[in-house]
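Novice: All chains should be built: construct the whole structure from the sequences, respecting the hints.
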Amino acid sequence: HNALTATTPTETNNNTFTLDNTAPALTEVTVASNNATPTQAKVGDTVTVSFTTDGTQSGAPTATLAGHTATVTAGSGHSYSATYTLVSGDTEGAVTFSIAASDAAGNAMTAVTAVTDSSTVTFDKTAATLVISNVSSYY
Numbered sequence: 064h065n066a067l068t069a070t071t072p073t074e075t076n077n078n079t080f081t082l083d084n085t086a087p088a089l090t091e092v093t094v095a096s097n098n099a100t101p102t103q104a105k106v107g108d109t110v111t112v113s114f115t116t117d118g119t120q121s122g123a124p125t126a127t128l129a130g131h132t133a134t135v136t137a138g139s140g141h142s143y144s145a146t147y148t149l150v151s152g153d154t155e156g157a158v159t160f161s162i163a164a165s166d167a168a169g170n171a172m173t174a175v176t177a178v179t180d181s182s183t184v185t186f187d188k189t190a191a192t193l194v195i196s197n198v199s200s201y202y
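Under my numbering, read the sequence shown as residues 64 to 202, first letter to last.
No false leads were slipped in.
Here are the computed lysine to any residue pairs in the SDA-like style, where the Cα-Cα straight-line distance is at most 25 angstroms: (1) Lys105 with Thr183; (2) Lys105 with Val150; (3) Lys105 with Ser151; (4) Lys105 with Thr154; (5) Lys188 with Thr102; (6) Lys188 with Asp108; (7) Lys105 with Ala157; (8) Lys188 with Thr159; (9) Lys188 with Val150; (10) Lys105 with Thr134; (11) Lys188 with Gln103; (12) Lys105 with His131; (13) Lys105 with Thr159; (14) Lys105 with Lys188; (15) Lys188 with Gly152; (16) Lys105 with Thr179; (17) Lys188 with Thr154; (18) Lys105 with Val178; (19) Lys188 with Asn97; (20) Lys105 with Val92; (21) Lys105 with Ser161; (22) Lys188 with Thr176; (23) Lys105 with Asp180; (24) Lys188 with Ser151; (25) Lys188 with Ala99; (26) Lys105 with Ala191; (27) Lys105 with Asp187; (28) Lys188 with Ala157; (29) Lys188 with Thr100; (30) Lys105 with Ser181; (31) Lys105 with Asp153; (32) Lys105 with Thr136.
FYI, nobody ran anything at the bench for these hints, they're computed from the structure. None of the values given here were measured: they were computed from a predicted structure.
Specialist: Okay, here's the thing in structure tokens:
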């Protein structure tokens with residue numbers, strides 16, 4: 064028979080572990096275009112989503128703008144900008160975006176799709192038209 068015997072450890076382990084189940088967060092999010100009117104955009108305009116993280120993410124966040132992968136550039140501190148240049152195939156209307164990040168423990172934040180202020184950008188690729196009718200009636 065193999066008997067089991069109880070033993071008492073003779074050494075103490077003083078390791079401390081920290082449980083991290085908190086995802087990164089964004090503290091500020093704004094959107095603008097490089098159009099003369101920053102709330103509007105046309106084909107060829109660049110839309111920029113500027114955002115600040117709480118600094119807990121691992122690496123740079125990722126972003127999409129108008130459904131396309133955006134170029135994310137780090138600024139000072141925990142600030143970033145995500146940019147995309149609009150093309151004729153993009154959908155007209157409010158320009159949408161999504162920002163994602165995770166931390167070293169693998170905690171992913173819920174994708175951020177809204178600004179923290181009232182900023183918006185509307186994409187309009189429809190050319191304006193001018194209709195002149197019955198000019199002779201004014202004489």
